[in-house]
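A.B. asks: Protein sequence lines correspond, in order, to chains A and B. Residue numbers for the first sequence, in the working numbering: 794 to 1325. Residue numbers for the second sequence, in the working numbering: 794 to 1325.
It should be emphasised that the hints constitute simulated quantities derived from the structure, not laboratory data. Honestly, I wouldn't trust all of these hints.
Identical copies look the same in the list; a pair holds intra-copy or inter-copy alike.
Here are the simulated SDA-like cross-link-like pairs (lysine to any residue), alpha carbons at most 25 Å apart as the crow flies [to be verified]:
#1 952 x 1238
#2 1072 x 1293
#3 1072 x 1012
#4 940 x 975
#5 1072 x 1011
#6 1072 x 826
#7 1072 x 1203
#8 1212 x 949
#9 979 x 868
#10 1072 x 1141
#11 1072 x 1142
A quick note: this is a predicted structure, and the numbers were derived from the prediction, not measured.
Single-letter residue listing:
Number of protein chains: 2
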Amino acid sequence: MSSARLKHYGWGREGEGMTTDERQFVLGRYRARFATDTFDTMAVPRLEDLALRTPRVTPPASLAAFCTSERYDRLAHAHGKSYPDYVRAMLGDYDCAPDVVAYPRNEAEISAVMDWAGGVSASLTPFGGGSSVCGGVEPRVDGIRYKAAITLDLRNLSKVVEVDLTSRAALIEGGTYGPALENQLKPHGLSLRHFPQSFEYSTLGGWIATRSGGHFASLYTHIDDFVESLRVVTPRGVVETRRLPGSGAGPSPDRLFIGSEGTLGVISRAWMRLQPRPKFRSGASVRFPSFFDAARAVRAVAQAGLYPSNCRILDPQEAFNTGVADGSVAIMVLGFESGDHAPDARMARALECCADHRGTPEQADASDAHREGAAGIWRNAFIRMPYAREFLTPAGLINDTFETAITWDRFESFHDSVKAATERAILEATGVSGEVTCRFTHIYPDGPAPYFSFHALGRHGALLEQWQAIKNAAGDALIAAGGTITHHHAVGRDHRPWYDRQRPALFAAALRAAKRELDPQGMLNPGVLIDP
Amino acid sequence: MSSARLKHYGWGREGEGMTTDERQFVLGRYRARFATDTFDTMAVPRLEDLALRTPRVTPPASLAAFCTSERYDRLAHAHGKSYPDYVRAMLGDYDCAPDVVAYPRNEAEISAVMDWAGGVSASLTPFGGGSSVCGGVEPRVDGIRYKAAITLDLRNLSKVVEVDLTSRAALIEGGTYGPALENQLKPHGLSLRHFPQSFEYSTLGGWIATRSGGHFASLYTHIDDFVESLRVVTPRGVVETRRLPGSGAGPSPDRLFIGSEGTLGVISRAWMRLQPRPKFRSGASVRFPSFFDAARAVRAVAQAGLYPSNCRILDPQEAFNTGVADGSVAIMVLGFESGDHAPDARMARALECCADHRGTPEQADASDAHREGAAGIWRNAFIRMPYAREFLTPAGLINDTFETAITWDRFESFHDSVKAATERAILEATGVSGEVTCRFTHIYPDGPAPYFSFHALGRHGALLEQWQAIKNAAGDALIAAGGTITHHHAVGRDHRPWYDRQRPALFAAALRAAKRELDPQGMLNPGVLIDP
């Protein structure tokens, strides 16, 4: 991992970003899409030029060693990585910067910060890598109920504490970033194999708190199933669940905290189920005449019980935008892997399923095909894409994604209605036709997880309103058509209007009651997921 | 399904039971074990001779059509199927018989009974098939906080309401018994493939409420993963979760109710993920010189990612007791199945894993091997075994089982300490050496679910105390050694002392708070899982 500090604006660390070629490729697509050579481009304010309020609280001497109100720290913890976050940061709006950032080194220091926050009526925002795309990490404090905002950055809890080779599990601290986690597991021949797009700039605790979606397209789609046990620090004390391969003793305690988005406590460590490093791989790219042909093939593969590690499909426009194909065909990126045996029979059967739905493989024999061809190009685009927003936003371009899940019986009409509603909203909000594309990130026997991207030509001065109008239309459409407001990006604050409709009211009441027990003052991440 | 009514004492329906041969086989094992030809055998009281208190409440006229205080109904809902249940019933102790049994036909009638129960301060016990082995279905009412006991038998909610062939899912009512459920799915070519030992006398709602363990030895071990969405009637209203193949929107609402054991609400219907009927099968029985050799082979199979549908191992004594082998070898019953493709490659690889750990297959080629040989004998014994207790208990024999889960790193010492503690307790409680055997029911990459059976020669007049002393020693040992008090039998009331130690205190507080929201009067199944 680079030792450079994280950017206060943009993806990753200072000095990182797209190459000139990558940048030109992405901008070229936008120039073609909107038939223009130039974009009205705004300057992003420099760190030293940003206005910042005087801190409303000062940590007591006992906490001073790991707390700071330095300018950089406060600014770098003000926003997540959502589209509105980029716009607000570009506009110099750092109103939600925390007053204090704490970097606790152990559970006792987490508890001490909670005690202090309670005493000064501050909100407390748990912070992993800060890659939330739904308003999950920025403190929004009213100054009335919450007098100040403290952010708890877990980066110092970054160790793999213990590895159990026999059970293939490891005890890992919650603030461990993806690369550091894998680097510590590698000497043991093991891997978590959880690679969300944010992998480099997100943490184990963040993944668990947000039900992150990972590497595996099927079977182990979310981090949830890899959690063997948890330790969670709450304002009332520590919750530690028992390390068990399976249990039927009451409702799962782990499942209450998985997806709790920092509202119930701070995940300080977890025993995680691990995978062997793959020894056998089989990969292929398959072309389909249409996205729905590809989707039907996915359904066949998912229902055949083949468990591909990768089974992503891209619609023709998405395939074109990422440089994978020419825009005339849909693409499936298919992969199997195993640490134990060659998955060739499963790949062969999956390709039969594809052929039944008019799929033609590009290549299917090279064992390292996952790095090559359409699959390789797409994989690279997937990892590099988050770097685009820091120059697209200043160019007045609106690009965002939203993801959901739906059962197969409703998928095709669901897709069409969500796509149409979003396209219509783009035209209405911006006056210019935009583009909405779709791919699948994860698949299930009973339905896919469709992932939509949209592109609009916005106007400086109106970007937030334009974005919100499009987001509202998309959210309304997918909730009306039976989907979930998020499959793996989490709820945060931005998805609350739809989550509140999707979630049964009595479940919300139960969750609020549980929160009152664990966080009686309601200090933890107020506004995220539930109101305290 | 037979139209005979369920027994008030014993397993299954009136007129059913073991054949004379089966009975002699089972009793023969006990005669040999305790070196005796006869057992001191007590008569079980007849239905008409049992004393029963006058009902403490009478349903209002609006509920009379589906409520009853008939003698048979009250007696048949007094007990579950635990060992102490059999002893109490044999002793004529029906003190916990409900005053009224309601057979609601729809959700409105469930709500109406809840309203009435609230008004008369009665407890309300949801009742599926009544096969609880841990004190989950008998009303225990103090007469002070709870003035009376009402049991809600869900058997009239027995329909498969809708089948979605595209997504392979069905909407099924909570009171549907196993055979009725499969019979309704069969014309569609689909199956839930959830076959707990209680399959014939348990219901979908009961399986979900208790996190039942089913047919699949790996991957889909519990019913949990088959639940797509739920409808739950609570005293505060109906909770309906959204039908989704996967979601990351906050903590899973379904997971709060899965395993809630009737304390939060009544599961009226659920969308369940289904399986195709298997077209391909591969089965084998494998002999091992020792149980730990077999366990190491299971670990290899589980960690290879082969997903056997069956991978049960029996220790030598368990194999002997069920007539599967001669007592000198441990047995693995191994099976693969698929509705899509031949699982031969997976079976071949699993047999290699077995060979690495001194396993020798008995047979591995016949596609219907799962019905034959050791596997077939064991399967039949497994299904018939519950019929034994109704004659073993009157013979003063104590036979019971307990099941747990543990990670692989601790398994061997865990097994030895739990087995030794249980054997010691049998000797201390009864003065006679007994027998403790072990098998695996379900397996995970990070550990097995060991299932212990024990056999003791008890003494009439002391059976409950003797059983409790053995149960206490077993529970203490497995909790001390890091296991779970239940892997799939549920908590009920009988497992409370250990569940309360296993479950984090703050999770219990959160769960009680959730219950207060959904069941403010605490009417639902008081004493099960949590105190209201």
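A.B. asks: Would you mind marking each hint as holding or not holding in the structure?
C.D. replies: Going down the list of hints, with the structure as the test:
no.	hint	in the structure
1	952 x 1238	between (36 Å within a copy, 23 Å between copies)
2	1072 x 1293	neither (44 Å within a copy, 43 Å between copies)
3	1072 x 1012	both (19 Å within a copy, 22 Å between copies)
4	940 x 975	neither (39 Å within a copy, 59 Å between copies)
5	1072 x 1011	both (19 Å within a copy, 22 Å between copies)
6	1072 x 826	neither (42 Å within a copy, 50 Å between copies)
7	1072 x 1203	neither (38 Å within a copy, 27 Å between copies)
8	1212 x 949	neither (42 Å within a copy, 43 Å between copies)
9	979 x 868	neither (34 Å within a copy, 61 Å between copies)
10	1072 x 1141	both (18 Å within a copy, 19 Å between copies)
11	1072 x 1142	both (20 Å within a copy, 15 Å between copies)
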